[in-house]
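*Asks:* Below are the chains, spelled out letter by letter.
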Amino acid sequence: MKGDLKMKNKIILTSHPMRKCTIFPEGSPEIPAELFTVKNEKPDFTGFPYPLPNAKKDYTIRAEGDGVIWYGSAKGVTKYDPNAEYDFDKVSYFAADRDLPDNNVKAILPAGRNAWVLTRSGAAFIEEVTLTGKQVSDILLKETLEIVDRRGMVSQRQLKKARDLSSKFPFAHSDNDGGFTACFCMGEIFRYAVLKKEKGIDDPETIQAKKVAVKALESCLLLCHIHGRGDGFVARTYVTTTEETPDDGIFFKRNGDKAICVDTSAARGRNIVGYEINCSAPIPERLRHLLTDYGFTEDDIIYKADTSSDEITLQMLNFLFAHWYLTCDDKELDEIIKQTVKGIADHIIDHKFILADYSGESTTWAKWNEGYFMTEDGYVDGALNSAELLFYLKAVTEITGEEGRYLETYNYLINEKRYADLTEKHWDRAFQINFVEDVNLFESIMYGDHMLCSASFAGLGMLEKDPVLLEKYRRGYKAWWNTSIEREHNPGYDFLYLLGCPDEEINCDRAKEWFYRFNISRLASGVSLVGRHDIPVREYSPEYKQTSVLLPPDERFISKYDRDSLEYKNVDSGGMKYVESCYPFNFAYWLGRLYGFIEGE
Amino acid sequence: MKQNIHLIGNAHLDPTWLWRWQEGCGEVMQTFRSAVDRLKEYDDFIFTCSSACYYRWVEEIDPELFEEIREMVKAGRWVPVNGWWVQPDCNMPSAESFARQALYSQLYYQEKFGQICRVGYNVDSFGHNGMLPQLLTLGGMRCYVMMRPGEHENGEMPKGLFWWDSADGSRVLTYRIPTGYAENGKKSIDNAINLLSHMGEESNHGMMLFYGVGNHGGGPTKGDIEYIKSLMADGCSELKFSSPFEYFKEVCSNGLDIPSWSDDLQHHASGCYSATSLIKQVNRKAEFSLANAEKWNTVACASYGLPSSRKAFKEAWLDVCYNQFHDIMCGCSIREAYDDARAQVESAIAFADKEENKAMLRITGKINTWIEGVSDTVFCNERHHCENHKFPRHIAVFNPLSYEVKTTVRTYHPSKKVVDAEGNSVLFSNVRSSRSNDRHKDTVFCATVPPMGYAVYKLWFEDSEIEAEKPTTDIKAGEYFLENKFIKAEFDASTGAISSLVTKNDGKEHICPGSFLPTVIDNSKPDTWAHNIFKLHDVIGTMAPESIKLVESDGARAVIRVRHTYGKSYLSQDFILDSESEMIRVKARVLWQEPLTMLKMPVTIPGSNPISTYEIPGGFIKRPANGEEEPALTWADVTAEESGVALISDSKYSYDCPDNTLRLTMLRNSIFADHYSDRPEADFAYCDEGLQRFEYGIYAHSGNAEDSGVQYYADILNSKPCAVPVGFHKGTEPLVKSFISIDKDNIKVMSFKTCEDGSGDYILRMRETAGRETRVSVVCDIINAGFRADFKGQEIKTFRIDSDGYVKETDFLEGIVK
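As you go down the protein sequences, you meet chains A and B in turn.
Anchor point for the first sequence: position 60 equals 60 in this note's numbering, and the numbering is continuous, going up by one each time.
Each number in this note's numbering corresponds to the 1-based position in the second sequence with 601 added.
Mixed in with the good hints there might be a few duds.
With beta-carbon atoms standing in for the labels, derived distance ranges [to be verified]: (1) A:Val439 to B:Lys830: 35 to 41 Å; (2) A:Val439 to B:Leu666: 33 to 39 Å; (3) A:Val439 to B:Lys603: 27 to 33 Å; (4) A:Glu146 to B:Ser854: 50 to 56 Å; (5) A:Val439 to B:Asn792: 35 to 41 Å; (6) A:Val439 to B:Ser789: 36 to 42 Å; (7) A:Glu276 to B:Gly677: 54 to 60 Å.
To be clear, the hints were calculated from the coordinates, so they are not data collected in a lab.
Source: prediction; values computed, not measured.
Here a beta-carbon is modelled for each residue, glycine too, at the ideal position from N, C-alpha and C.
Okay, chain A solo, but in the shape it has when bound:
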C-alpha cells in the first residue's frame, strides 16, 4: 500500500522553539561577568497554577526575562512561560547532566527569552532555537552521519568521556545493529520519497537523501550476505579485524571458504570455539563496496551469528518500504532485495520455521514454529512470532510478485496451524504467565517488542486484503495498542498503527508534543528525573518504577524505541557515554510526512 489513505489524523507542524543548552566549565571566557553579580529575587508561588518540578520551598531564585520567568533551586532550573501556546510548554525543567553542569543553581541572568545559569561547577546558556521538524531532522541526521555512522551501519556510538563527542571510540556496534540500522534506513527512505515528490528527483537535497538511504539499505542487505553461507541466513551485525570483537554472543571470523567461531564466553559456553562453517557464497558485487571502500575484504569480517527474529522483522519491513519507495528506479538493488527476501523466506520455510544457526538448530530467539509456541518461553512469544512470520510471507509475495510456496505456506499456517487466530492471543497469554509468576503485567513487558509488533501488524494491515484475516490482525494489533503501545505516544508507533488500522484514531496533541519537545541532539547525558516533585512514581518492584505521567522527550533519558518511555530513571541502560542515532525522530517524522499524517514541516 503506497500512500492514498484517508486520514482523519493530521498533525499540523510549524516551526517551534526547541531547547538548546550549552554547558561551560568554570572559568570559561564565554560566561558573562554579570552572571556573577546579578541579584536574583526570591520567588513567591502564592496562587501559582501549575505543578513545579521542585518543591516550592526549594526554589531560591527568580529572574524575569522577556515573557518568561526563570526559577532556580539546588535541584535545577524551571522556566515558566505563561503565554506559551501549548500547555506542555508552560513549565519546563532544565537539569544536570543534559542541560546544566550540575543542579546547584547560584544565579540566573535572563537574556531575552534565553538565560545564563550559574551553578556550583560552571555555567550553562539555555536557548530557545526556533526550528521546523525538518530542520530538527536535518540537524539530527548530520550528527548521526558524523558521529554514529559506521560504514553505513547506524545504531549508536560510544564515547570514552561523557558529553565529549571528540572522545568517540573509532568503532561501535550494538547487539541489534541490523534492526536499528533498518529503522534508520526506513526513516531516510521516507525522507527521500517525500523530497522526491516535493522537490523532484534531481534536486540536490533529494540526491543527497537518496545517497544516505541507499547506503543504509546496502548495509542492511550486506548483513544478509556477509556471512557467505548462501542459505538466506541474516547476520546480526559485524565487526572488522580492526575493531575489538565484543564478548556478547557468537561470532564467526571469515577465512577463505570457512568461517571459524571466535573465542567468546558464549562460544565457550556452547563448546564451539573454533567450529568451522561454510562461507563460500559470494557477497553481491553491489554491496561489496561497503567493505572495499574502507579497505576491507571478506577475510576481515567477523560477523555475529545468533540472530533473533527482531532483525528479520525490522529488515523485512525495511525491504518492503525500500522496494516501494527507493529501489523503484534502481533495478539492480531492487533485484538484490528480491533475492534476499526470497532467501530469508526460503530459509525459514526449509528449516521448518526457524532461523538456523551454524549447527542447523535454531538461533536463540528466531523461532516461529508450533513446537516453540508450546514451550514456556514460546507460549507468550507465539502470538507475536506468528504475526511476524505471516508478515514475512506476505512481504515476500508483495516484493517479488511471486506467490508459489510463500502463499501456500501462508495459507497452511493460517488454515492448518491457526496462526492468524494466534496473533490475537498475546495479552491473554501474558496475563496467564504473569498471574502464575505473580508479577505485574507492566513489569514483564519487553518494550523492544513494541516495534516488532508494530512492524508485523502494520505490514499485515497494509498487505492483507481478506477482510476476515484483516479483522483478526487488527484485533491483535489493537490489543497491543490499548495495553501498552498507545501510552508511549511515540508518533513512530502512532503512524504505523494508522497504516495497520486506518480507521483508528491517535492522540494528535500528544504526537505534536513529542515532535516539539524532542532533543536536537542525541547525545546521551542523563537527566534529573528521579526525585522530581511533580511526577508521581509507580513502584512495581524496588528495581522497576514508572512515572504516572509521560514526560516530553527533552526531559527524559535518550533511547531508541526499545525502552519503556515511562521508566523512572535518569539514564538509559546504555549509560551516559554514547550518542544515539537519529532514527527515533526521523523514522516518525518522515513516515508522517510521507503518508500525510503530518501537514507542514
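Go by the hints and put chain B onto chain A.
*Replies:* Relative to chain A, chain B alone:
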C-alpha cells in the same frame, strides 16, 4: 480429556436477608465453628470463605475460634476470598464504596492473616457492573468468581471461564459458576460433577464445584465430605479439594486460550435496582456525605490543626459497606432488616454531618470577616447575627467538588441584598420557607464557589438600613413556562407535564410529546427481585394532573409546582430553574399507597438510533435501548443524532430505555422479600409504601452524554454546597479560597483522606469521567503537592502524598500492602 474438578468447600452466608443481622452474626459463628471442626476431622478438606466483616465478628466474639482459624489460614486449609467487607450488590455502590470495601478489608486480612485476598468472590450478587475488573484489580484481586446472571438469563456471556475487561483496560480472569454455589447432598453433587465433567472436556480446562450448605450458612457436611472422599477412593481422580486461587493458578499454568468479555454481566434480578427506595436513598446520601465530610476533615487536618478522624471515618464507612450487602442494598430483605439498615447507615450520615460541620467551622474560624465598627454596636438588632440591621451577615459556602460550582444556596432568613466577597451584588430570591412562623421566608442566592473551596457571601437582612439592590435576572417564568439564558421549558396545562424543552444556544427541541407524564405500571407479576422478568412495561395508567402553579419567579430562580394524583396517591413536583443552571431540578414529594405498582417518569427524545448511557461505579456504559430495566448510579441518558436528555437522581438507581424513551423508575411497591411471588393471604408490608422525598434533574445537551456536563450536574445534585454562618472576626484566610486546583473538568476527585497506616501521608483519588485519555495537573498547596498524571479513559488513580509533597501512584490499598 477429563479435566480436574476443584471442589470448593464453602458456606454461603447471607448475614441479613430473611432474618436480621443479629441472626446472621450467629449464623456466622456457628458456621465458622463447624468449618474448623471439619478441617480438623479431614486432613485434605479445604474451606473457602469470604467477607472480612464475618472474620471481625468472630475475632471480637470468640477470640479462641479466631485463633484456630488463623492457624488454618496459615496452613492453607482455610482460604479467605474476596477482599471486601461483604459480598455487596455489584451495581449500586459507588466506586469509592468499592474502594473502601477493598481498603478496609484487605488491610484487615493483611493484619490478621499476613495476606490479602487475590480472588474476588461474589457468588450471589445480582449482576456485576462493567467497571469491576478495574475495581477488583485496584483492590489487589486479579481473578473473580461470580454466578449471576446464569446461562438462562444471559446466554451471550461466555460459559465458565473467561477474561473480563473493563473500559480502562483492566482485566480479571473470571469464573461463572455453572451449577450452584451451595451444592449439597449426593444427588446434587453427582449432578454437578456430571455437568462440570462435560464442560471441562468441552472447554479443555478444569472447573470448580462449590459445595456446602448455604444461604443461612452451614458449610460442607460430614456426609458430603465423606461422599466426595468415597468418590475419590472409587477412582474419580479428577476431583480435588481445592480453593479458587489454586484453580485459577492451575488453569493459567496450563496455557489456555479462553474467550473474553468486555461488557457488564447482567441481568439477574432487575427489580433490585428499584426495590425498597429507603435503602437506596440512605446509601447514596451516606456515600456522598462521608466522602465530602472526609475531604473537609482532611483539609482542616492539613491546614488548620484539626485532629484526623480517620479511624472514626473507617467505622462509619464500614457501616455503609455492610449495608451494601446484596440482599440489603437490593431491597429484598425482610422489612425489619431495613430498620436496622436505616439505623446503621443514618448513623454514618449523622457522623459525617458532625465531622463536616466541625471541619467547616474550624476553617471559617480562620477567615478574616472583620468589619470595622461591628464591635461598637449598641442595639441588640445590630449584634444579632441573623437580623442585624447595620451589618451584613457572612455566609461561607463550601463546595466539596473538584470543579468550580455555580449554584443556588439557601439560608434561613430573608435578605435585602446579597454581595460576593468582592462586593458585587448577586442574584437572590426571598422564597417560602419550610416553616410557618416568623417571616416565612428564606434567602436563595446564586453562589460561585471554587473547587474544593469556599466563598464568603454577605447577606443584608430584610430590614437592614441599606438600599435594596438586585442585579437584573435573566430568569423568565410564566404560568406554564420556565426560562433562563440556557433553556426554556414549557408545561402542558392539561397534563401537567413538560411539553417542550429547548436549549437556547442552538434552538433545539429535545423532547417529544408524552414526556414527563408520571406513568403507573403493574407490578403484580414480578416478585421483589423481578426474577425472570427483565422488562417492566405493563402500563396501567398515568397520574392525573391536579394543579399546576408558578410559585416563584424572582431573581435567582423560578419554580413551577405540579401536583398529580393516582388512586389514593399523589406526586407533588417543584420544577426549579436556577439562573446559572442548565439543569431543571425537580423536588419530588410522593405519597404512594398503591400496592404492587411502579411509578416511572419518562422522557422521549426525537431522532433515530438512540443510544442509552448510564453512570456505573467509576465510569459509564452504553447499553442497547431495548427497554430492559437497567441499573445506574447518579444519571442515565438517552441520546440520538447528537442530542439527548439525561435524568439525574439523588437517590434512585433504576431506569429503562425502550427506544427513544428514557424512564426513571421512581418507586416500585413490592411486598418485602416476596420470593417468586408465593403470596399467602396476609396483611403485607410494601417496600415503597408511604411518603418519599427525593430530587431528580433534567438535563438536555448536545453531543455524547459522557462528554456533556451530565456528571457535573449529577455531582451538584448529590453534593449540594453547604452554607455556614460566619461571625465577625479577624483571620488569616481570604474570603474565597480553593484547596485544590485541577485543570481538567473530566478529572474528578473521589476522595481526599489521610493514609490508613497513620503515617500522616495523604491520599487523593481521582477518576476520569468522559472516557478519553487525559493529562491532568493537580495543585494542592495545603499538602505541598503539585503533580501531573496521565489518565486513560475511565481510569481511577490513587495518589499517596508524603509530608514533603512527593507523590506515589498507588491503588485502593494505599501502598500499605505491597
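*Asks:* Hint by hint, say whether it matches the structure.
*Replies:* We went through each hint and held it up to the structure:
1. A:Val439 to B:Lys830: 35 to 41 Å: 37 Å, holds
2. A:Val439 to B:Leu666: 33 to 39 Å: At roughly 36 Å between Cβ atoms, Leu666 (chain B) and Val439 (chain A) fall inside 33 to 39 Å, so the hint holds.
3. A:Val439 to B:Lys603: 27 to 33 Å: 31 Å, holds
4. A:Glu146 to B:Ser854: 50 to 56 Å: Holds, since Glu146 (chain A) and Ser854 (chain B) (Cβ atoms, about 53 Å apart) stay within the stated range.
5. A:Val439 to B:Asn792: 35 to 41 Å: This hint holds: roughly 39 Å between Cβ atoms.
6. A:Val439 to B:Ser789: 36 to 42 Å: With a Cβ separation near 39 Å, Val439 (chain A) and Ser789 (chain B) satisfy 36 to 42 Å, so the hint holds.
7. A:Glu276 to B:Gly677: 54 to 60 Å: 57 Å, holds
Hint compliance for this structure: every hint is met.
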